[in-house]
Amino acid sequence: MTASPQPIRGMNDVLPEAIAPWQHLEATARELLGAYGYEEIRVPVVEHTELFERSIGEHTDIVEKEMYTFTDLGGDSLTLRPEATAGIVRAMISNGLLRGARHKLWCTGPMFRHEKPQKGRYRQFHQIDVEAIGFAGPDVDAELIALTARLWRQLGIDHSVRLQLNSLGTPEARRGYREQLVSYFRAHEVRLDADSRRRLEGNPLRILDSKNPDMQSLVAGAPVLTDHLDAASRVHFERLRATLDAFGVPYTVNPRLVRGLDYYSRTVFEWVTDALGAQDAVCSGGRYDGLIGQLGGEPTPAIGFAMGVERVVALMAQLGEVPAPAPSDAYLVVQGEAAERAALVLAERLRDAQPALRVVVNLGGGNFKAQFRRANRSGATLALILGEAELRRGAVAVKPLRREAEQTDCPIDALPHRIDALLAAARRGD
RNA sequence: GUGGACGUAGCUCAGCUGGUAGAGCCCCGGGUUGUGAUCCCGGCCGUCGUGGGUUCGAGUCCCAUCGUCCACCCCA
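For the first sequence, this note's numbering begins at 3 and goes up steadily by one.
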């Protein structure tokens with residue numbers, strides 16, 4: 003096994019046998035996003051390292067230890083994108099697209115984080131990313147959440163996910179709350195575990211999210227972020243909740259939902275599941291009103307979310323919500339050099355006449371037995387046989403594979419116009 | 001980065017307290033000189049993750065290393 007090449011740790015091949023849920027998710031999301039008025043954007047997978055440091059936050063785990071950073075031949079420090087928002091915002095600024103304009107955008111592709119892989123967490127993973135730029139909300143906030151809820155319904159996984167919601171307020175209001183929180187935890191420092199003590203310096207809000215059961219009672223007594231919101235953020239949050247109520251989208255307000263990236267403000271949300279083990283966040287995002295100005299663009303309010311494609315795919319697969327791939331309609335069994343050529347030409351004529359037809363020509367030879375075995379395993383409705391005998395009489399033998407039926411002859415020239423009827427008959431069973 | 005479990009054929013796995021590898025599936029061919037999904041026969045496929053050590057002898061024991069999985073941290 004040493005001799006055979008291996009993929010990079012945490013980077014996976016998606017083989018044809020596993021591709022169906024990916025395509026279904028992508029197609030469903032693409033259509034839905036279009037229906038809500040979102041446009042696709044494609045941005046580079048690599049950006050200047052500084053862009054991510056400035057947007058995500060220098061004291062986050064992503065920037066501190068998870069980025070794929072390298073120096074290119076020109077001496078610049080570049081980084082494989084760990085998330086999509088920074089690049090999209092950069093594209094808006096670089097192309098001069100802000101200036102008070104509004105953009106509803108989506109993007110999909112691979113992201114990279116150097117973490118130790120486990121279930122639902124990979125070093126190359128994929129996101130579907132949606133951004134609404136230039137909207138102060140809370141109307142967009144609500145519509146964006148409704149869009150995700152609709153996607154879960156369309157995919158058939160809505161009963162396995164639930165919505166967590168919170169408001170972080172403005173950065174100023176959060177700063178005041180943070181001070182209160184730190185002094186509360188300092189007063190009880192002996193009860194803090196090692197992880198929490200470390201967070202006390204860098205990111206005290208994260209202590210609220212601790213999974214350590216011993217911390218629960220201490221956390222329960224801590225000041226609550228929601229009680230310390232500034233007035234405008236409180237109104238924003240109330241209006242968002244009222245709209246979600248009007249939609250009938252259920253949610254839980256989770257005051258401990260903090261999110262890992264520094265740029266969030268006001269609305270944050272997370273769709274979680276119990277079905278995937280420890281990595282339970284399937285889709286999450288929030289409002290980042292300060293980020294664009296911080297990166298040098300005109301100050302512009304915005305909100306976005308990222309969906310973990312691998313996680314949604316895993317959920318679909320686990321719930322059996324994966325459409326079966328369409329089998330081919332016809333498989334051409336051929337024998338003899340002249341017949342092989344005639345079969346290839348016939349297949350092209352069939353495709354000319356019926357562009358949607360799924361027709362597979364047996365390539366690479368093989369005896370009749372092997373070819374019929376392949377025809378059967380391809381799932382084809384019909385086997386079309388074109389050997390030397392058929393060629394001599396100018397016909398194709400047509401054999402239904404999915405039911406017991408007589409094999410019949412069809413003149414080669416007539417087949418392109420009869421194939422639909424033959425398929426329909428074979429499926430009906432007459 | 002930390003911890004635990006596990007690495008035998010392309011896949012799923014068997015291989016007792018050490019005696020130098022096996023089954024099923026897949027693939028290919030034959031039985032049916034041109035007919036699949038059933039049946040029968042045959043073939044292909046392994047330096048037992050890798051490197052050391054103990055031993056007369058290691059897939060089995062020991063050490064190291066790499067990899068996979070799961071969890072922590074954190075996150076999609």
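Possibly wrong hints are sitting among the right ones.
Restricting the straight-line Cα-Cα distance to at most 25 Å, the calculated cross-link-like pairs of lysine to any residue (SDA-like) are [unchecked claim]: (1) K213 <-> R241; (2) K213 <-> A138; (3) K371 <-> V347; (4) K67 <-> D197; (5) K67 <-> Q281; (6) K371 <-> A355; (7) K118 <-> K371; (8) K67 <-> R56; (9) K67 <-> K121; (10) K67 <-> D282; (11) K371 <-> Q320; (12) K371 <-> A399; (13) K118 <-> Q182; (14) K213 <-> V347; (15) K67 <-> P9; (16) K401 <-> A316; (17) K121 <-> G111; (18) K118 <-> N205; (19) K67 <-> S162; (20) K67 <-> L165; (21) K213 <-> A233; (22) K106 <-> K401; (23) K213 <-> V47; (24) K371 <-> A316; (25) K106 <-> Q25; (26) K118 <-> V47; (27) K401 <-> Q337; (28) K118 <-> A196; (29) K118 <-> P257; (30) K213 <-> P257.
FYI, nobody ran anything at the bench for these hints, they're computed from the structure.
Here is how each hint holds up against the structure:
1. Annotation: proposed proximity of K213 to R241 is violated, straight-line Cα distance about 31 Å (limit 25 Å).
2. For the hint pairing K213 with A138, the CA-to-CA distance comes to about 34 Å; that exceeds 25 Å, so the pair is violated.
3. For a cut-off of 25 Å, the pair hint linking K371 to V347 stands: about 23 Å separates their Cα positions.
4. Taken as a hint, the K67 and D197 pair is honoured in the structure, with Cα atoms around 16 Å apart against an allowance of 25 Å.
5. Distance restraint check for K67 and Q281: the Cα-Cα separation of roughly 19 Å lies within the 25 Å cut-off, and the hinted pair is therefore satisfied.
6. Proximity of K371 to A355 is assessed by CA-CA distance (about 29 Å); at most 25 Å being required, the pair is judged violated.
7. Taking the CA atoms of K118 and K371, the gap is near 49 Å; set against the 25 Å cutoff, the hint is violated.
8. Using a Cα cut-off of 25 Å, the hinted pair K67 and R56 holds, with the two alpha carbons roughly 15 Å apart.
9. The straight-line distance between the Cα atoms of K67 and K121 is roughly 20 Å, inside the 25 Å bound, and the hint therefore holds.
10. Between the alpha carbons of K67 and D282 the distance comes to roughly 22 Å, so the proposed pair stays at or under 25 Å and holds.
11. Distance hint between K371 and Q320 is unfulfilled; the C-alpha atoms sit about 37 Å from each other, more than 25 Å.
12. Taking the CA atoms of K371 and A399, the gap is near 15 Å; set against the 25 Å cutoff, the hint holds.
13. Using a Cα cut-off of 25 Å, the hinted pair K118 and Q182 is violated, with the two alpha carbons roughly 34 Å apart.
14. At roughly 65 Å between alpha-carbon atoms, K213 and V347 are farther apart than 25 Å, so this suggested pair is violated.
15. With a C-alpha separation of about 22 Å, the suggested pair K67 and P9 falls inside the 25 Å cut-off, and the hint holds.
16. The straight-line distance between the Cα atoms of K401 and A316 is roughly 39 Å, outside the 25 Å bound, and the hint therefore fails.
17. This hinted pair checks out: K121 and G111 have alpha carbons roughly 20 Å apart, not beyond 25 Å.
18. With a C-alpha separation of about 22 Å, the suggested pairing of K118 with N205 holds against the 25 Å cut-off.
19. Between the alpha carbons of K67 and S162 the distance comes to roughly 32 Å, so the proposed pair goes past 25 Å and is violated.
20. In summary, the hint linking K67 to L165 is not supported, as the alpha carbons are separated by about 29 Å, beyond the 25 Å threshold.
21. Only pairs whose Cα atoms come within 25 Å are accepted, and K213 paired with A233 is rejected, the gap being roughly 31 Å.
22. For a cut-off of 25 Å, the pair hint linking K106 to K401 is broken: about 52 Å separates their Cα positions.
23. With a C-alpha separation of about 33 Å, the suggested pair K213 and V47 falls outside the 25 Å cut-off, and the hint is violated.
24. As the CA atoms of K371 and A316 are separated by approximately 38 Å, the hinted pair breaks the 25 Å bound.
25. Between K106 and Q25 the CA atoms are separated by roughly 23 Å; this keeps the pair inside 25 Å, and the hint holds.
26. About 21 Å separates the Cα atoms of K118 and V47, which keeps this hinted pair within 25 Å; it holds.
27. Taking the CA atoms of K401 and Q337, the gap is about 16 Å. The hint holds against a cut of 25 Å.
28. The suggested pairing of K118 with A196 holds, with an alpha-carbon distance near 21 Å, which does not exceed 25 Å.
29. Under the criterion of a C-alpha separation no larger than 25 Å, the hint pairing K118 with P257 is inconsistent with the structure, at around 29 Å.
30. Restraint check for K213 and P257: the C-alpha separation of about 15 Å stays at or below 25 Å, so the hint holds.
Violated hints for the displayed structure, listed by number in ascending order: 1, 2, 6, 7, 11, 13, 14, 16, 19, 20, 21, 22, 23, 24 and 29.
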